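Put together the whole structure using the sequences plus the hints.
There are 2 protein chains.
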Amino acid sequence: MHIAITGAAGFLGNKLARQLLKNGKLLGRSGKPEAISRITLADVTAVTGISDPRVHTVVGNISDPQTIASIVTPDTDSIFHLAAIVSGQAEAEFDLGMTVNFDATRSMLERIRSLETRPRMVFTSSVAVFGGPLPTSVPDTMATLPQSSYGTQKAMCELLISDYSRRGYLDGRTLRLPTISVRPGLPNKAASSFASGIIREPLAGQAAVCPVHGDTRMWLMSPQQAVNNLIHGHELEASKFGFTRTISLPGLSVKVRDMVAALERVAGVDVAQRIEWTEDEAIKRIVNSWPGDFDTQRATELGFTSDEDYDSIIRAYIHDQQTS
Amino acid sequence: MHIAITGAAGFLGNKLARQLLKNGKLLGRSGKPEAISRITLADVTAVTGISDPRVHTVVGNISDPQTIASIVTPDTDSIFHLAAIVSGQAEAEFDLGMTVNFDATRSMLERIRSLETRPRMVFTSSVAVFGGPLPTSVPDTMATLPQSSYGTQKAMCELLISDYSRRGYLDGRTLRLPTISVRPGLPNKAASSFASGIIREPLAGQAAVCPVHGDTRMWLMSPQQAVNNLIHGHELEASKFGFTRTISLPGLSVKVRDMVAALERVAGVDVAQRIEWTEDEAIKRIVNSWPGDFDTQRATELGFTSDEDYDSIIRAYIHDQQTS
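Protein chains in written order, with numbering that gives the first Met the number 0: chain U, 0 to 323; chain Z, 0 to 323.
Treat the hints with care, as some may be off.
[Unchecked claim] Restricting the straight-line Cα-Cα distance to at most 25 Å, the calculated cross-link-like pairs of lysine-lysine (BS3-like) are:
id	chain 1	residue 1	chain 2	residue 2
1	Z	Lys254	Z	Lys188
2	U	Lys283	Z	Lys239
3	U	Lys14	U	Lys24
4	U	Lys254	U	Lys188
5	Z	Lys283	U	Lys239
6	U	Lys31	U	Lys21
[Stated by the list, open to error] These stretches of chain Z come out as covered by chain U in the derived footprint (C-beta under 8 Å, 3 or more residues):
id	stretch
7	128–138
8	143–156
9	159–166
10	236–246
Worth flagging that the hints you see were computed from the coordinates, not collected in a lab.
Being a predicted model, the structure only gives us computed values, none of them experimental.
Ideal Cβ positions, reconstructed from N, Cα and C, are used throughout, including at glycine.
As structure tokens, then:
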């Protein structure tokens with residue numbers, strides 16, 4: 000069985016790749032678990048640190064059709080399409096966001112369609128497709144009113160993947176991820192970058208800026224939970240999806256001040272005091288447009304899962320850092 | 000004041016052009032009604048039958064950037080973008096639908112953006128953006144789950160126009176039109192074509208096929224009401240739109256059997272008996288995925304209006320035919 004992952008140099012793609020290599024199997028065209036014989040890891044930068052004979056790497060920009068052609072080949076059974084320009088950057092660089100987040104996804108769908116191989120594709124969307132006046136808990140039937148270009152591009156891809164799937168060009172599954180926390184590594188240009196930074200940096204002995212109000216409610220998921228749900232989304236039978244291939248994943252609804260309180264409980268007062276509260280209007284405008292809580296009935300019925308509490312997310316992050 | 004209308008050879012674009020020429024004025028950049036000095040009527044076929052010194056015509060395909068450049072010029076103040084491949088054809092010819100319904104709209108938005116003139120644009124979307132399990136009456140907050148490629152393309156354009164407007168590249172307004180009934184002229188490839196055909200053809204002494212069940216509930220608007228609402232949508236202050244530029248227009252919710260009953264009341268039993276009931280699965284699949292009733296609170300608050308009853312729609316159609 001041949002798999003491709005885009006955005007594989009990113010931490011989530013990378014973590015997914017490791018998990019798949021470890022699992023060794025994934026549901027194949029036979030409808031049964033099949034041994035993974037090849038994983039193509041694609042990104043604009045080289046994917047490092049994974050040494051496995053099953054791994055092939057593609058370094059290139061997915062806005063280039065040649066790159067897409069080398070990622071999606073006639074023997075590609077499944078694709079995890081995670082590559083994206085993050086929210087803050089897509090807002091600042093409109094054309095870049097359109098090209099990578101929308102056009103490249105469409106090119107990939109067209110490549111798949113032209114091959115007539117109908118692979119499975121798991122695509123990651125985001126809570127950023129929502130905005131405007133929202134109920135306290137966002138239901139599965141909620142209209143998408145993105146208040147950012149990133150959210151707009153993701154919502155357009157959701158529609159396209161559902162239509163291509165309905166037409167039988169591929170077997171797509173779009174999972175709307177909560178904000179991932181705690182991401183390891185460096186801050187990025189996502190408006191939600193702080194949701195990891197305010198935990199990660201203090202734990203590393205560094206100061207971190209929290210650019211939003213403590214009352215801001217975030218919809219969160221740990222990296223491991225995200226990987227588990229991406230794989231679960233792949234394994235589901237196509238017939239279970241019904242009228243749309245898009246699913247809002249379950250998450251944890253936590254206020255920023257309660258994230259910090261959890262950090263204090265897990266790592267101590269001194270660590271939590273490394274956070275500086277300096278509001279940033281550009282980040283606030285985007286983050287405050289996102290819903291902080293969902294009623295993800297459909298995802299729960301389909302067997303997707305959420306983290307237990309934020310304390311255990313922090314503890315898992317600390318454990319991962321110590322063992323990696 | 001300079002106006003452009005795409006799809007101007009279509010009956011709705013044509014009717015709109017005549018109405019605007021008759022009115023002579025439209026809200027201009029001054030924020031006040033301004034005299035219409037030029038209307039550019041664009042379509043793939045020549046627009047005929049309108050003789051007025053203010054009219055300029057562009058014949059060309061809007062998927063050609065050259066055509067778009069001649070429709071949207073630096074002195075274009077307002078655009079009514081009505082050109083589209085209809086639902087049945089967009090389903091049968093996927094690439095054509097994507098090119099005309101989505102790519103051409105995007106090219107037009109990019110043309111507008113490059114001019115930096117920020118014109119008003121009224122775009123027509125459709126009830127076809129909805130589908131899947133729906134409440135009896137569809138609220139303004141309902142998720143778009145199109146079950147056709149046409150609906151998908153329209154929903155993608157809605158998102159793009161809201162984002163371009165939010166970014167200040169233009170002042171867009173997307174109106175989701177109910178099914179227009181009674182359209183004059185010939186049947187077309189829209190899945191909803193019958194909703195005019197079952198009235199128009201019997202009134203002309205011809206047989207008409209009704210491809211759906213009599214219990215099918217349709218969301219309808221007369222041509223004159225549609226023109227009034229398109230103009231109203233243009234005249235509204237941008238600030239009234241809030242978090243999205245997309246609005247579901249109010250309509251009349253009528254069962255197909257009650258449309259026929261109205262025809263019988265207005266034109267007699269003999270006329271209504273010219274309808275043959277022969278169900279067509281392809282048409283039923285698309286039409287049955289559309290909602291038959293809406294709660295259009297937002298549109299009503301913004302002053303959009305619906306027809307009084309279906310009998311008066313038929314009477315207005317008969318009157319128009321006799322006087323045109």
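| request: Of all the hints given earlier, name the ones this structure violates by number, lowest first. | output: Hints that this structure does not satisfy do not exist here, as all of them hold.
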